[in-house]
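Heads up: the sequence lines are chains A and B, in that order.
Each step along the first sequence adds one to the number in this note's numbering, with nothing skipped, and position 32 is 32.
Each step along the second sequence adds one to the number in this note's numbering, with nothing skipped, and position 376 is 376.
Think of the hints as simulated: they come from the structure by calculation, not from any bench.
Being a predicted model, the structure only gives us computed values, none of them experimental.
Honestly, I wouldn't trust all of these hints.
[Unchecked claim] Over the 12 Å line for every Cβ pair with chain B, so calculated as not near, a few chain A residues: (1) LEU16; (2) ARG44; (3) LYS72; (4) THR78; (5) GLY87; (6) GLY162; (7) VAL216; (8) PRO262.
[Unchecked claim] Looking from chain B toward chain A, a few residues come up when the C-beta cut is under 7 Å (computed): (9) TRP121; (10) HIS125; (11) HIS170; (12) PRO236; (13) MET239; (14) ILE241; (15) ASP271; (16) SER365.
[Stated by the list, open to error] Subject to a maximum C-alpha distance of 30 Å in a straight line, what follows is the list of computed DSSO-like cross-link-like pairs (lysine-lysine): (17) B:LYS263 / B:LYS205; (18) A:LYS27 / B:LYS124; (19) B:LYS124 / B:LYS65; (20) B:LYS279 / A:LYS265; (21) A:LYS234 / B:LYS409.
C-beta atoms are modelled at their ideal positions from N, C-alpha and C, and glycine is treated no differently.
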Amino acid sequence: MYRITESRRLTPEAVLLKIEAPRIARKRKAGQFVIIRVDETGERFPLTIVDSDPSTGTITLVVQEVGTSTKKLGRRRTGESILDLTGPLGHPTGVKKWGRVACVAGGIGVAEVLPVIKAIRGAGNIALAIIGARTQDLIILEDEMREAASELYITTDDGSYGRRGLVTDVLCDLINNGSIPDRVFAIGPVPMMRAVTALTRPYNIPTIVSLNALMVDGTGMCGCCRVSVGGETKFTCVDGPDFDAHQVDFEELVQRQKIYLPQEKESLQRYEGF
Amino acid sequence: MQIPRQHMAEQEPSERIRNFNEVPFGYTPEQAKKEAERCLQCKNAPCRDGCPVEVDIPAFIELIKKGDFSGAARKLKETNSLPAICGRVCPQEDQCEKVCVLGKKGEPVAIGTLERFAADWELKHHPGSPSPSSSRGARVAVIGAGPAGLTCAADLARMGYRVTIFEALHQPGGVLTYGIPEFRLPKEIVKREVENVRKMGVELKEDQVVGCTISPEELFRDGFRAIFIGTGAGLPRFMKIPGENLNGVYSANEYLTRVNLMKAYLFPQYDTPVIRGKKVFVIGGGNVAMDSARTALRLGAKEVRIIYRRTRKEAPARREEIHHAEEEGVVFKFLTLPVRYRGDEKGWITGMECLKMKLGEPDESGRRRPIPIEGSEFSIECDLVVVAIGNDPNPLLPRAVPGLKMGRKGTIEIDPATGQTSMKGIFAGGDIATGAATVIEAMGAGKAAARGINIYLKLSG
Ligand SMILES: Cc1cc2nc3c(=O)[nH]c(=O)nc-3n(C[C@H](O)[C@H](O)[C@H](O)COP(=O)(O)OP(=O)(O)OC[C@H]3O[C@@H](n4cnc5c(N)ncnc54)[C@H](O)[C@@H]3O)c2cc1C
Ligand SMILES: Cc1cc2nc3c(=O)[nH]c(=O)nc-3n(C[C@H](O)[C@H](O)[C@H](O)COP(=O)(O)OP(=O)(O)OC[C@H]3O[C@@H](n4cnc5c(N)ncnc54)[C@H](O)[C@@H]3O)c2cc1C
Ligand code: SF4
Ligand code: SF4
Ligand code: FES
């Protein structure tokens with residue numbers, strides 16, 4: 001059992017949780033994730049470790065409630081527990097001194113990119129954060145972002161906050177203005193990562209994406225999380241989750257994310273009591 | 001009058017393919033006593049040498065004959081920490097029963113079934129039996145709660161060591177829990193056998209991926225004096241043919257893990273889904289392929305075929321498993337090799353192309369090598385494929401211990417007599433050292449390593 005020391009709603013769709021896991025709190029590095037199982041009938045599913053506090057022995061997760069598992073977790077209150085928590089899994093994000101690095105994130109990817117930005121800044125880079133959401137209410141961790149990044153750009157699809165448009169519009173402008181970043185990180189929904197990849201490809205800007213393949217064990221045992229990178233099959237959980245964006249077969253990733261759509265719907269309807 | 005070998009009653013095939021309950025029911029006490037009477041109580045007892053964990057076979061059988069079932073179970077437990085499991089999944093025909101004297105002329109004593117009977121009796125009637133040893137010995141860390149790790153831990157606890165098992169998954173048992181299906185090895189049995197190991201004083205920590213959560217170095221620093229690595233062969237092999245990442249192509253590990261560990265057969269009561277194919281192909285000829293095929297039937301498949309590149313004779317699965325699969329309606333397509341999968345525009349599998357094979361000269365495994373017949377390509381339709389062509393040792397832990405001497409196939413090199421690896425204080429055994437093998441061999445290796453660790457700790461004071 002792993003105790004939740006804080007459960008705080010960030011937006012109508014996202015919840016921030018602090019959970020006791022002292023070992024993971026001490027060891028985790030940017031880009032790593034945990035596998036969670038909320039209760040006895042629950043799935044195993046991955047969440048990025050957004051932050052940790054070794055002194056209190058807690059890790060911070062931010063969960064977007066999209067289906068049964070994430071809703072179950074989002075509804076756990078402060079003081080309650082979850083059944084299983086394993087990690088830190090996956091390779092940490094590789095960080096060096098490159099110069100100017102653009103970190104592009106959409107939706108829940110904003111939480112996932114936060115530790116990466118901190119690591120990038122920590123290695124002496126300038127980190128430009130470009131974050132987006134559908135609308136103002138869904139923007140998360142703005143203060144944390146502002147503090148962590150060297151510069152922060154915000155977009156909303158409906159123009160309710162920051163610039164109207166997509167995160168890629170900002171990246172596009174940067175490139176067109178001649179201030180081409182030395183490296184790009186993109187974390188978020190596949191269409192967004194794909195669009196960023198298409199943008200940076202003609203300029204040969206090294207681009208790293210963090211892939212969100214479906215997972216079960218998270219230790220390389222099942223192959224559920226396989227993705228094609230540079231024509232080779234990789235296991236996201238042990239070979240990734242970060243990969244060279246220009247080598248990733250996004251089409252396959254999108255298809256594989258849809259394997260269980262009908263079952264996910266059935267499960268959610270049952271959980272919500274329809 | 002000679003007593004014939006007793007057979008367990010089983011669920012009817014037409015009935016059992018609609019549930020996940022265990023197929024054989026086990027002996028009745030009368031049957032068990034009758035079967036026990038067949039044993040000649042040989043003085044030299046060759047059967048004993050066929051058992052990697054050194055079960056005193058004539059002794060426990062004699063106790064069954066006398067009706068002292070608990071005594072028989074205790075006798076088993078002296079050397080075998082998981083008898084209810086071994087009685088079910090040991091390839092007895094290749095182990096103890098192979099060398100049973102009675103087998104020379106007729107049928108050997110049903111040692112495995114008797115073992116199962118005694119162990120089940122004890123679990124049912126005296127579930128709380130093993131007593132914790134209040135040990136003050138040195139601390140030993142065991143990595144992986146599969147049969148190798150559990151056996152090593154139990155034996156060390158018996159010797160008075162304080163043992164902690166670190167297990168990556170949320171449940172112990174290794175392949176016994178995530179791989180072998182409920183209808184062949186009920187998870188309740190695994191749970192109780194593991195519980196018995198716990199009751200011996202072994203501490204079990206789940207959700208601990210050694211190499212990620214904690215490193216072997218840290219284990220030593222935390223005061224563990226020796227480490228046993230029993231992390232198994234959990235890396236699924238793929239054929240690297242086009243279309244292998246299509247939706248509806250599973251590794252057997254994923255398919256079976258979803259169904260067994262995550263209980264996807266009870267979806268939506270359990271949250272983990274699994275695809276229920278109508279026309280399912282399973283690639284491979286081992287126990288894993290049989291388990292996958294029989295699972296597919298129980299998940300409602302109309303047609304299940306096993307595609308194997310050699311013939312029935314070379315198939316490594318237990319005869320009993322092939323027989324069970326056939327009884328249930330699994331169709332075997334021998335001498336067939338898939339070369340590519342086909343999919344639709346949404347990325348779902350629709351079928352595959354195969355080559356016909358013929359057998360050539362024997363290869364290094366001693367089995368005749370399959371050779372493709374040119375121009376024999378043909379295509380078949382299906383909506384689900386399970387790839388069960390084997391597993392390699394899981395590289396996660398070896399990667400975390402750079403100094404460890406590795407074999408060619410990703411196995412950890414050990415001295416089989418002691419389990420000693422190339423590094424001081426680190427021992428290993430089971431599938432991680434041999435490559436995918438059997439439950440009983442893994443247990444034998446765990447036992448050998450427990451002795452090796454004992455000697456090592458005695459010598460190093
Ligand atoms: C390495 C990694 C890190 C992740 N980190 C986070 C995180 O920090 N915060 C967070 O909220 N989520 C994160 N995810 C995604 C998260 O694991 C999924 O959203 C979750 O498993 C969905 O489970 P569910 O039962 O709630 O929804 P489901 O019922 O399984 O799915 C509901 C909907 O979400 C989509 N979906 C399901 N799984 C994923 C996925 N892996 N990626 C994208 N869409 C998916 C489905 O296609 C469906 O449309 C991460 C995924 C990976 C692989
Ligand atoms: C489907 C299937 C059916 C089979 N049927 C039979 C049969 O009928 N009879 C038979 O004799 N054999 C059978 N086998 C083979 C048998 O199960 C294995 O040989 C045996 O389980 C090996 O035991 P082990 O302890 O070495 O490894 P495993 O059983 O694989 O256990 C290893 C354990 O270590 C854990 N682990 C791995 N890495 C780490 C880490 N870094 N940190 C912590 N924990 C870790 C794993 O999660 C796992 O629990 C079958 C195998 C499969 C897959
Ligand atoms: S443990 Fe296996 S090999 Fe040993 S006696 Fe029992 S069935 Fe035979
Ligand atoms: S060899 Fe067969 S008959 Fe002889 S003791 Fe062993 S089990 Fe009994
Ligand atoms: S999640 Fe099972 S191998 Fe990656």
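Cross-check of the supplied hints:
At the 12 Å boundary, the C-beta of A:LEU16 stays outside the reach of chain B, the nearest C-beta of that chain being 22 Å off. Non-interface call for A:ARG44 relative to chain B: violated, since the shortest CB-CB distance, roughly 7 Å, does not exceed 12 Å. In this structure A:LYS72 is not separated from chain B by more than 12 Å, as the shortest Cβ-Cβ distance comes to only about 8 Å. No beta-carbon of chain B comes within 12 Å of the beta-carbon of A:THR78; the shortest separation is about 22 Å.
Not every beta carbon of chain B lies more than 12 Å from that of A:GLY87, the smallest distance being close to 7 Å; the non-interface claim is violated. No beta-carbon of chain B is positioned within 12 Å of the beta-carbon of A:GLY162; the least distance is around 35 Å. Taking the minimum C-beta to C-beta distance to chain B, about 6 Å, the non-interface status of A:VAL216 is violated against the 12 Å cut. A:PRO262, annotated as away from the interface, has a beta carbon of chain B within 12 Å; the closest lies near 9 Å.
Taking 7 Å as the C-beta cut-off, the interface hint given for B:TRP121 is violated, the closest approach to chain A being about 29 Å. Against a cut-off of 7 Å between C-beta atoms, the interface hint on B:HIS125 is violated, since the closest Cβ of chain A lies about 28 Å away. With 7 Å as the threshold, the beta carbon of B:HIS170 comes within range of chain A, its nearest partner Cβ sitting at about 4 Å, so the hint holds. The closest approach between the C-beta of B:PRO236 and any C-beta of chain A is roughly 5 Å, which is under the 7 Å cut-off, so the hint is satisfied.
Below 7 Å, beta-carbon pairs count as interface contacts, and B:MET239 has none with chain A, the closest being about 11 Å; its hint is therefore violated. For B:ILE241, the suggested interface contact is broken, since its CB lies about 11 Å from the closest CB of chain A, more than 7 Å. Using the Cβ-Cβ criterion of 7 Å, the hint placing B:ASP271 at the interface with chain A is satisfied: the shortest such distance is roughly 4 Å. Because the beta carbon of B:SER365 sits about 24 Å from the nearest beta carbon in chain A, more than 7 Å, this interface hint is broken.
At most 30 Å may separate the alpha-carbon atoms for a hinted pair to count; B:LYS263 and B:LYS205 meet this at roughly 22 Å. Our distance criterion of 30 Å between C-alpha atoms is broken by A:LYS27 and B:LYS124, whose separation comes to about 44 Å. Straight-line distance between C-alpha atoms of B:LYS124 and B:LYS65 comes to about 19 Å, which keeps the hinted pair within the 30 Å bound. A hinted pair counts as satisfied when its Cα atoms are at most 30 Å apart, and B:LYS279 with A:LYS265 qualifies at roughly 24 Å.
Taking the CA atoms of A:LYS234 and B:LYS409, the gap is about 19 Å. The hint holds against a cut of 30 Å.
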